[in-house]
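Trainee: The chain contents come next:
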Amino acid sequence: MAVLKKSTLLTLLFSVLVLTASLASATQDLELKQCRHQCRHQGGFDEEQRLQCEQRCEEYVRDKKQREREEREEGYTRRRSREDSEEEEERFEQNNPYVFQDEHFDTSVRTEEGRVHVLRKFTERSKLLKGIENYRVGFLEANPRAFVAPVHFDADVIFFVASGKPTITLLKEKKRETFNLQCGDVLHIPAGTPAYMVNRDDREKLFIVKLINPVSLPGEFEPFYGPGGENPESFYKAFSWEVLKAAFKRDRDEIERLFRQQKRGSITKASREQVEELSRHAESGGAAPIWPFKGETKGPFNLFHNHPVSSNRYGSLFEANPEECKELEDLDLIISFANITKGAMIAPYYNSKATKISFVVNGEGWFEMACPHISSEHGHRRGGGTWQGDKSGQSFQRVSGRLRRGVVFVAPAGHPVTAIASENSNLQILSFEVNGKGNTRYPLAGRKNIVNNMENVAKELAFGVPAREVERIFKSQNEEFFFPGPTQQEEGGRRAYI
Amino acid sequence: MAVLKKSTLLTLLFSVLVLTASLASATQDLELKQCRHQCRHQGGFDEEQRLQCEQRCEEYVRDKKQREREEREEGYTRRRSREDSEEEEERFEQNNPYVFQDEHFDTSVRTEEGRVHVLRKFTERSKLLKGIENYRVGFLEANPRAFVAPVHFDADVIFFVASGKPTITLLKEKKRETFNLQCGDVLHIPAGTPAYMVNRDDREKLFIVKLINPVSLPGEFEPFYGPGGENPESFYKAFSWEVLKAAFKRDRDEIERLFRQQKRGSITKASREQVEELSRHAESGGAAPIWPFKGETKGPFNLFHNHPVSSNRYGSLFEANPEECKELEDLDLIISFANITKGAMIAPYYNSKATKISFVVNGEGWFEMACPHISSEHGHRRGGGTWQGDKSGQSFQRVSGRLRRGVVFVAPAGHPVTAIASENSNLQILSFEVNGKGNTRYPLAGRKNIVNNMENVAKELAFGVPAREVERIFKSQNEEFFFPGPTQQEEGGRRAYI
Amino acid sequence: MAVLKKSTLLTLLFSVLVLTASLASATQDLELKQCRHQCRHQGGFDEEQRLQCEQRCEEYVRDKKQREREEREEGYTRRRSREDSEEEEERFEQNNPYVFQDEHFDTSVRTEEGRVHVLRKFTERSKLLKGIENYRVGFLEANPRAFVAPVHFDADVIFFVASGKPTITLLKEKKRETFNLQCGDVLHIPAGTPAYMVNRDDREKLFIVKLINPVSLPGEFEPFYGPGGENPESFYKAFSWEVLKAAFKRDRDEIERLFRQQKRGSITKASREQVEELSRHAESGGAAPIWPFKGETKGPFNLFHNHPVSSNRYGSLFEANPEECKELEDLDLIISFANITKGAMIAPYYNSKATKISFVVNGEGWFEMACPHISSEHGHRRGGGTWQGDKSGQSFQRVSGRLRRGVVFVAPAGHPVTAIASENSNLQILSFEVNGKGNTRYPLAGRKNIVNNMENVAKELAFGVPAREVERIFKSQNEEFFFPGPTQQEEGGRRAYI
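Residue numbers (UniProt numbering), protein chains in the order written: chain L, 1 to 498; chain G, 1 to 498; chain S, 1 to 498.
Derived by calculation from the structure, the hints in this document are not laboratory data. Not one of these hints is a red herring.
Chain copies aren't distinguished; within one or between two, either way the pair holds.
Using 20 Å as the maximum straight-line C-alpha spacing, the simulated EDC-like pairs for lysine to aspartate or glutamate come out as follows:
hint	residue 1	residue 2
1	K237	E254
2	K269	D201
3	K437	E319
4	K326	E177
From a predicted model like this one, the values you see are computed outputs, not experimental measurements.
Please construct the entire structure, taking both the sequences and the accompanying hints into account.
Mentor: Structural data, given as structure tokens:
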């Protein structure tokens, strides 16, 4: 979005909204389900609270279509009319290499039954993302009963099931592993493992978010379709006939016939019977209530089956990290899922070591990040390899962006960041935090913020005022990690449900 | 070979053949020896089979010179007249960054007694090889009784002894380690270790294949000659006289005299007595029948002293991997040696994680690989950073190349590949598989191919035909990993010996 | 210094000397202290020797100002008049990407109370330094009682305290850690950890050398000031007011007032009481006489509290390495400190694996290094990716440079190198040796040099002369690692004190 003119921006914004709307009906079932799921797993709820919560979920989804239409018409004017002037915001967008939307994705598969989109290489966007150049992000969306053809990648792939009920089969060296997965399940498919999948749900769309970690070429990977025919083209067809005849001990005609039949693409429709057959012998996925002990099994696990690491009425954070899970240790990866209650916000914080790649799974809102690299005057200062301090007026610039389903944003290590849910819907964000080993989240406001932890003398020296004045600001907010958001505060404590 | 015209190609081909011929007599002893060695270690042979096998080795080598002359005159027309038209093949060669021949090597040492050739950086050839940019491949050839001067490299070096009997001395911090090596021995010389070597064989040429892993500059390394004089120039001469005088506590004249004597180059001739002296106190190399226990000794080991991981009458595969061997774990490396019986082939397969760098040690043949990156229409698609699926007609292109002694070829992770021995000679391929930890070889045909491992429903969905039609193709070949090759099959089961 | 003309060189030289002079008075106390410290920790001294040693320290420092003035007037003509002609030396400097001086540093902070300088990215200077592109070097100098404002970096930072008495506080996730450090202490500040510091010494300047290892962007890092105001600008100011109001639950006016007060820059002056308060509850730093057991505590340690790994009257070498220290294992780093007695030298040697980044802490002298990459005829040959051997006349070129406080020089793995102290002062060099695991220092002269370790036959073959002639040169020097330097030898064994 680097050089978009204002008019283009508006056109683009409009088309994004239309697309969002068309996705909406497909995702309503899903949202209801996830909302209820959150109710059941929200820490500290008793039975009655849970029921109320689930009821609100229903009201919420029922009203949503109406709200969405209104909102589209409003055109986000509300946010715009706030303190940030339109010009300022536009400037941020233009200078902001940390947010990615529809136009930054490539379509790698599209059939009648589904599609796969992959975000372009981060380094195509900006050199500031060189630290994550060997990661790619993508998602797969497929219809009920869709079958995804056998394929292997020259990349490790991490799956997160956001909706639908995939039954996935991995062909390992000496055995076949089949898992019935559900919402919240995380699965690592090691590089080169042939896998196929069916959405065993009859009504719900499958939506899978992927983190892709190429093993062969930095940041580049390819799908290899073997079993198949003309579409997707099988890699068998690249061998000469003499080699194929010898390898299979069959005539050319026969071989040719086999590899000519499949023409329907890599995502096709399975019959009810075929779905039944494929899912019958599966182990259930990450359903076990206990986290896999470190060093043990390599099956899937469910992000929501552990207690949230942080939870209050303004949101909850689920996390799987390398210290607990062997699989993630090898990948040096934290996976987290934040469910920010509508109208609420995440405390400004930063990661000490990890760079966070976030994918908005549901809801709307925006994020803000403090960035020392981007300067309206000097362009990308990191490019020059130098940084400058007091004398030369180092300044932090705000990087911000609107969040909605499918938006990806990146928060590098050390960068203070926050996200705010709109007043209309919970904001659900899945994050892959790479370089995760030994990472700490440092809160910058709320109960355990870093300033409260300083000695009084240090507070005075740092701020140039008496310590009690520092404390008046830093000790007012008593919540931890999730806070009431801007609107809620302004309106004197009105709380969104959940 | 990117832009060679057809005429140049033929000229080149001719000169390669002449070179091959001149190497032939030198390598005949070697081949006989290796052939016999294979007989003795081929799994499942009883005593009589072993003797027959060895006898056939002798016949084979006796007839070889004759056959080689004929073959050269034929000029490989046989292969060319097959299904692949000449034009098509030439095109592949032009687009093929995965095969390397004489012209891609630089001469780093050449004296009367031997030579060292090093393949240029992989990334000079193509960005598609960026994943292995920190590896270099080379070989050393030296006369009987040749002495290779003391030298250290800013690189880890892995040696494979293909012929000759090197006695190598490593100067470690507190001791001197000397090993009498033989064919099949693998030795890791850690970066910076001063080493010298003599070929203690009186008649056989020394031939050593090297994998070089620079520690200081990615993909770049240098030899540092210390003990020596004007040729090779000693690095001592770079210091100022005042420093040298202080360091040695000797006069400039004396020092100057010492470093002026050696002028014969880094590979010179030793006398029989000197060879005897150098090899007398050596430990024998990887002769111990038991594989070094993991985590233990760092000495050499012999690739052929373990049972082959796969073996039948069509070939055998020897392997050392990081799971078994501490040394290789640190280097994250698999070393394998495939001996493909003449006329036979390796099953098409792919590596799940490892990228394979192969060096043809003996014999002739060709390889084929399915490659998704190279497209006649779009050039190197990886370069653009995107990949495209069903809609845009992704296709796999065949990459192929002729194999003969000294040819290097690369098979990246995930890429289906096969190699076929000519009808005239066994094809012996040494492979360094980098990024080897946790690698799996997935066979694409033969007894344990990935398709056989799929459920019937998945077969039907993937191929669009009833499962039994899939099985007719995928279950005919009963062999595992090594198969009869194209000619053998065509001629109705004629088998080559061994 | 790549393209400096001779006149510029002289101008530069002059200004460096002036600068050195102005630093001199500030560093005299320090030198006396360090000199005495060395006396107390020099291996093998009895009480009387120690006292004599300390007395000499005092004489040395007393005479120093006088000597320094004379030396400046002399203009290093002594060294120049030796064998290396002026022209030759100038050529080396021009071609030499391994030495860095004042003009290669950027000022990142400068206030009345102190300054921070950071060396530019190594790869900006030369591709030959690509192997260390993810390391940066810097130093901090601050007045007595200077306070360094709370800050975190997107980088791991290693501190070495060269002078002053810093009290440093790290804000960890759940606790605050404060250490009273002293000369010789090494501290690792993990990426993202907020830290602030005060120099609790009332008279001595603080001088800290830093190795910086970015975690997010290769070779790039930024300071993030949180607690603070307008100078240094706080990253809090990058968030929108609506977000800040919600995060802190306070009015905009109040927040604005707090973040407007601090305007004195990131290094300010603390009062005596504030210093007292900040250091009162600290643990003392690396004062414990026992090295932290591996895998245990992550606090600071003192490089001088272990026995030197090598020590004689010509110098001593202190070292902390990854084999002994968990902290350094994670960073794959060796830290060493060489104190070369005035007039003495380090034995020429090379590191087998590690690349050494050295920072001259005190004293003067020069270094010489044998370099195979730089050739007056061919430019940087590594750039071409090829190296050539006997035929093409590979040669080692001398790389050399003058050393004085603040000079940084790099010795890549495998490169023979030596350093020589001037006749006027001990030369004290702090080195960070990256890629340190399993590194060996190979001495090229002195008692355990690599040639002595060779068999006689190998000596004869390598040098082309009888073994006893080789030994006459290589066995004269009986010292180990530190030798009498060029002048001392020339003058028939006159020894410098200590």
